[in-house]
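Protein chains: 2
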Amino acid sequence: MTDTTTARLNDVDIDAVGALVQSVQTDPAAASTTWAARVQWNRGFASEAKVRSFSPIPSDEPAALGGGDSAPNPVEQLLGALGNCLAVGYAANATVAGIALRDLRVELKGELDLQAFLGLADGHAGFNSIVATVTIDSDASRDELEALHAKVSGSSPVGHTIAHAVPLDLVLA
Amino acid sequence: MTDTTTARLNDVDIDAVGALVQSVQTDPAAASTTWAARVQWNRGFASEAKVRSFSPIPSDEPAALGGGDSAPNPVEQLLGALGNCLAVGYAANATVAGIALRDLRVELKGELDLQAFLGLADGHAGFNSIVATVTIDSDASRDELEALHAKVSGSSPVGHTIAHAVPLDLVLA
Chain A
0 MTDTTTARLN
10 DVDIDAVGAL
20 VQSVQTDPAA
30 ASTTWAARVQ
40 WNRGFASEAK
50 VRSFSPIPSD
60 EPAALGGGDS
70 APNPVEQLLG
80 ALGNCLAVGY
90 AANATVAGIA
100 LRDLRVELKG
110 ELDLQAFLGL
120 ADGHAGFNSI
130 VATVTIDSDA
140 SRDELEALHA
150 KVSGSSPVGH
160 TIAHAVPLDL
170 VLA
Chain B
0 MTDTTTARLN
10 DVDIDAVGAL
20 VQSVQTDPAA
30 ASTTWAARVQ
40 WNRGFASEAK
50 VRSFSPIPSD
60 EPAALGGGDS
70 APNPVEQLLG
80 ALGNCLAVGY
90 AANATVAGIA
100 LRDLRVELKG
110 ELDLQAFLGL
120 ADGHAGFNSI
130 VATVTIDSDA
140 SRDELEALHA
150 KVSGSSPVGH
160 TIAHAVPLDL
170 VLA
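One line per chain: the protein sequences are A and B, in this order. Quick note on numbering: numbering that gives the first Met the number 0 labels position 72 of the first sequence as 71, and the sequence is numbered without any gaps. Quick note on numbering: numbering that gives the first Met the number 0 labels position 96 of the second sequence as 95, and the sequence is numbered without any gaps.
Be careful, since some hints might not be right.
[Said to hold, decoys possible] Straight-line alpha carbon distances no greater than 25 Å define the calculated SDA-like cross-link-like pairs of lysine to any residue that follow:
| hint | chain 1 | residue 1 | chain 2 | residue 2 |
| --- | --- | --- | --- | --- |
| 1 | A | K108 | B | L171 |
| 2 | A | K150 | A | G17 |
| 3 | A | K150 | B | L171 |
| 4 | B | K150 | A | G118 |
| 5 | B | K150 | A | A115 |
| 6 | A | K150 | B | Q39 |
| 7 | B | K49 | A | S137 |
| 8 | A | K108 | B | P57 |
| 9 | B | K49 | A | S128 |
| 10 | B | K150 | A | L117 |
| 11 | A | K49 | B | L64 |
| 12 | B | K150 | A | N127 |
| 13 | A | K49 | B | N41 |
| 14 | B | K150 | A | A172 |
| 15 | A | K49 | B | N9 |
| 16 | A | K108 | B | K49 |
| 17 | B | K108 | A | S22 |
| 18 | B | K49 | A | I135 |
| 19 | B | K49 | A | T132 |
| 20 | B | K49 | A | G67 |
| 21 | A | K150 | B | A63 |
| 22 | A | K49 | B | R51 |
| 23 | B | K150 | A | G122 |
| 24 | A | K49 | B | S137 |
| 25 | A | K150 | B | V170 |
| 26 | A | K108 | B | A35 |
| 27 | A | K108 | B | S52 |
| 28 | A | K150 | B | N41 |
| 29 | B | K150 | A | D121 |
| 30 | B | K49 | A | L64 |
[Stated by the list, open to error] Restraint ranges, calculated between C-beta atoms of paired labels, are given here:
| hint | chain 1 | residue 1 | chain 2 | residue 2 | range |
| --- | --- | --- | --- | --- | --- |
| 31 | A | R141 | B | S52 | 31 to 37 Å |
| 32 | A | D68 | B | A164 | 27 to 33 Å |
| 33 | B | D14 | A | N127 | 24 to 30 Å |
| 34 | B | D138 | A | A96 | 58 to 64 Å |
[Claimed, not checked] These stretches of chain A come out as covered by chain B in the derived footprint (C-beta under 8 Å, 3 or more residues):
| hint | region |
| --- | --- |
| 35 | 80-88 |
| 36 | 115-121 |
| 37 | 130-142 |
| 38 | 153-165 |
Bear in mind the hints are in silico, worked out from the structure with no lab data behind them. As the structure is a computational prediction, the values presented were derived from the model and not from experiment. Cβ coordinates follow ideal geometry from the N, Cα and C atoms, glycine included.
Just chain A, same shape as in the assembly (with noise of 0.2 Å):
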């Protein structure tokens, strides 16, 4: 939006990250977040969640699940925010590391069973696997680039939320 004084590697402020790390280094309790978003059903399968003061994320279901079909429904969401989690990765890693990115792109899929979601099945209602392929265009080597993805892939806030069990307590106000 503005005007920078320096060119930055991949248009990533670095210095801000420094700076959130060296606090943290100072203090381990400065990297304890909380994070949050709200909900409101628009009737049907349609919804919207608010985060912070930016535009809903809209929600619905593709007609063969009865939904009407206007928005990417919840698991495209999470697949979008996977992909997402590990764009940012990548771009700070490849930055710390000095490699400049033309282009990056990350294809999603994820393979889910609706049986237990429709009831006709007890057990696991969730994605059964997921697989993130990225592609980047970058004149660093296949080395440098192994690196980097060995290290987001280490380091993804979502990418380990869905990879790992995680405490989740769903509760009735």
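On the provided structure of chain A, position chain B as indicated by the hints.
Positioned in the frame of chain A, the structure of chain B alone reads:
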């Protein structure tokens, strides 16, 4: 968008859900679904997730994390996806149970330690815990709402993806 000839409970197209249930009962393979999203990095910590032909879901990080603060960040999107998923689950199961919902909201909160994301510690970079609090406005009894809540908790695709360890394959193309 169009007039319906009969009023539908909670505006849910329960006939479409019923048709899907019937097709899965006839052929369980019909329950196997694949979902997808494509993410494009937009430099810095900004990116967007595209799902089918819908408007992209924008993503960015707060300034304190080095971003441009132009959109919800990926972990907030994950919380939003969970709330949107629970909304579908309540709407579907309430309709099947004959419960009319006047309003439904979900407040989501998640605790996340940034040390792993920042590369200051190995281990779990994801949410340590997530709480979703559902507020329902309905004439249904507390017992009916608790039975509904149990049903939704036991069958939420995004909820189960978070609460269980899902095989996640991150591939560098």
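Evaluation of the provided hints:
At most 25 Å may separate the alpha-carbon atoms for a hinted pair to count; K108 (chain A) and L171 (chain B) meet this at roughly 14 Å. As the CA atoms of K150 (chain A) and G17 (chain A) are separated by approximately 17 Å, the hinted pair is consistent with the 25 Å bound. Taking the CA atoms of K150 (chain A) and L171 (chain B), the gap is about 12 Å. The hint holds against a cut of 25 Å. Taken as a hint, the K150 (chain B) and G118 (chain A) pair is honoured in the structure, with Cα atoms around 9 Å apart against an allowance of 25 Å.
Between the alpha carbons of K150 (chain B) and A115 (chain A) the distance comes to roughly 10 Å, so the proposed pair stays at or under 25 Å and holds. Restraint check for K150 (chain A) and Q39 (chain B): satisfied, since their Cα atoms lie roughly 20 Å apart, inside the 25 Å limit. Between K49 (chain B) and S137 (chain A), the direct Cα distance comes to roughly 23 Å. Compliance with the 25 Å bound is thereby established for this hinted pair. Under the criterion of a C-alpha separation no larger than 25 Å, the hint pairing K108 (chain A) with P57 (chain B) is consistent with the structure, at around 19 Å.
Note on K49 (chain B) and S128 (chain A): the hinted pairing holds, with a Cα-Cα distance of about 20 Å set against a maximum of 25 Å. A distance of roughly 11 Å separates the Cα atoms of K150 (chain B) and L117 (chain A); the hinted pair therefore holds under the 25 Å criterion. The hinted pair formed by K49 (chain A) and L64 (chain B) meets the criterion: a straight-line CA distance of about 20 Å does not exceed 25 Å. Restraint check: the Cα-Cα separation between K150 (chain B) and N127 (chain A) comes to about 20 Å, which is no more than 25 Å; the hinted pair holds.
Distance check on the hinted pair: K49 (chain A) and N41 (chain B) sit about 22 Å apart at the alpha-carbon level, within 25 Å; holds. Distance hint between K150 (chain B) and A172 (chain A) is fulfilled; the C-alpha atoms sit about 16 Å from each other, no more than 25 Å. Between K49 (chain A) and N9 (chain B) the alpha-carbon distance is near 22 Å, which keeps this suggested pair within the 25 Å criterion. Straight-line distance between C-alpha atoms of K108 (chain A) and K49 (chain B) comes to about 12 Å, which keeps the hinted pair within the 25 Å bound.
Restraint check: the Cα-Cα separation between K108 (chain B) and S22 (chain A) comes to about 24 Å, which is no more than 25 Å; the hinted pair holds. Between K49 (chain B) and I135 (chain A), the direct Cα distance comes to roughly 18 Å. Compliance with the 25 Å bound is thereby established for this hinted pair. For the given pair, K49 (chain B) sits about 15 Å from T132 (chain A) by alpha-carbon distance, which is consistent with the 25 Å threshold. Restraint check for K49 (chain B) and G67 (chain A): satisfied, since their Cα atoms lie roughly 18 Å apart, inside the 25 Å limit.
Note on K150 (chain A) and A63 (chain B): the hinted pairing holds, with a Cα-Cα distance of about 21 Å set against a maximum of 25 Å. Taken as a hint, the K49 (chain A) and R51 (chain B) pair is honoured in the structure, with Cα atoms around 22 Å apart against an allowance of 25 Å. Using a Cα cut-off of 25 Å, the hinted pair K150 (chain B) and G122 (chain A) holds, with the two alpha carbons roughly 12 Å apart. For the proposed pair K49 (chain A) and S137 (chain B), the alpha carbon gap of about 23 Å is at most 25 Å, so the pair holds.
Simply put, K150 (chain A) and V170 (chain B) have alpha-carbon atoms about 13 Å apart, close enough for the 25 Å limit, and the pair holds. The suggested pairing of K108 (chain A) with A35 (chain B) holds, with an alpha-carbon distance near 4 Å, which does not exceed 25 Å. The straight-line distance between the Cα atoms of K108 (chain A) and S52 (chain B) is roughly 16 Å, inside the 25 Å bound, and the hint therefore holds. Proximity of K150 (chain A) to N41 (chain B) is assessed by CA-CA distance (about 21 Å); at most 25 Å being required, the pair is judged to hold.
For the proposed pair K150 (chain B) and D121 (chain A), the alpha carbon gap of about 10 Å is at most 25 Å, so the pair holds. Taken as a hint, the K49 (chain B) and L64 (chain A) pair is honoured in the structure, with Cα atoms around 20 Å apart against an allowance of 25 Å. Between R141 (chain A) and S52 (chain B) the beta carbons are some 35 Å apart, a value that agrees with the proposed interval 31 to 37 Å. Taking the beta carbon of each, D68 (chain A) and A164 (chain B) are about 31 Å apart, inside 27 to 33 Å as hinted.
For the pair D14 (chain B) and N127 (chain A), the beta carbons lie near 28 Å from each other, so the given range of 24 to 30 Å is met. Between D138 (chain B) and A96 (chain A) the Cβ separation comes to about 59 Å, which falls inside the hinted range of 58 to 64 Å. Counting residues of the region 80-88 of chain A whose beta carbon lies closer than 8 Å to any beta carbon of chain B gives 9, which meets the minimum of three for the stated coverage. Closer than 8 Å: that is the beta-carbon criterion, and the region 115-121 of chain A has 6 residues meeting it against chain B, so the requirement of 3 holds.
Restraint check on the region 130-142 of chain A versus chain B: 6 residues with Cβ-Cβ distances below 8 Å, three needed, restraint holds. Residues of the region 153-165 of chain A with a Cβ under 8 Å from some Cβ of chain B number 13, which satisfies the need for three, so the listed coverage holds.
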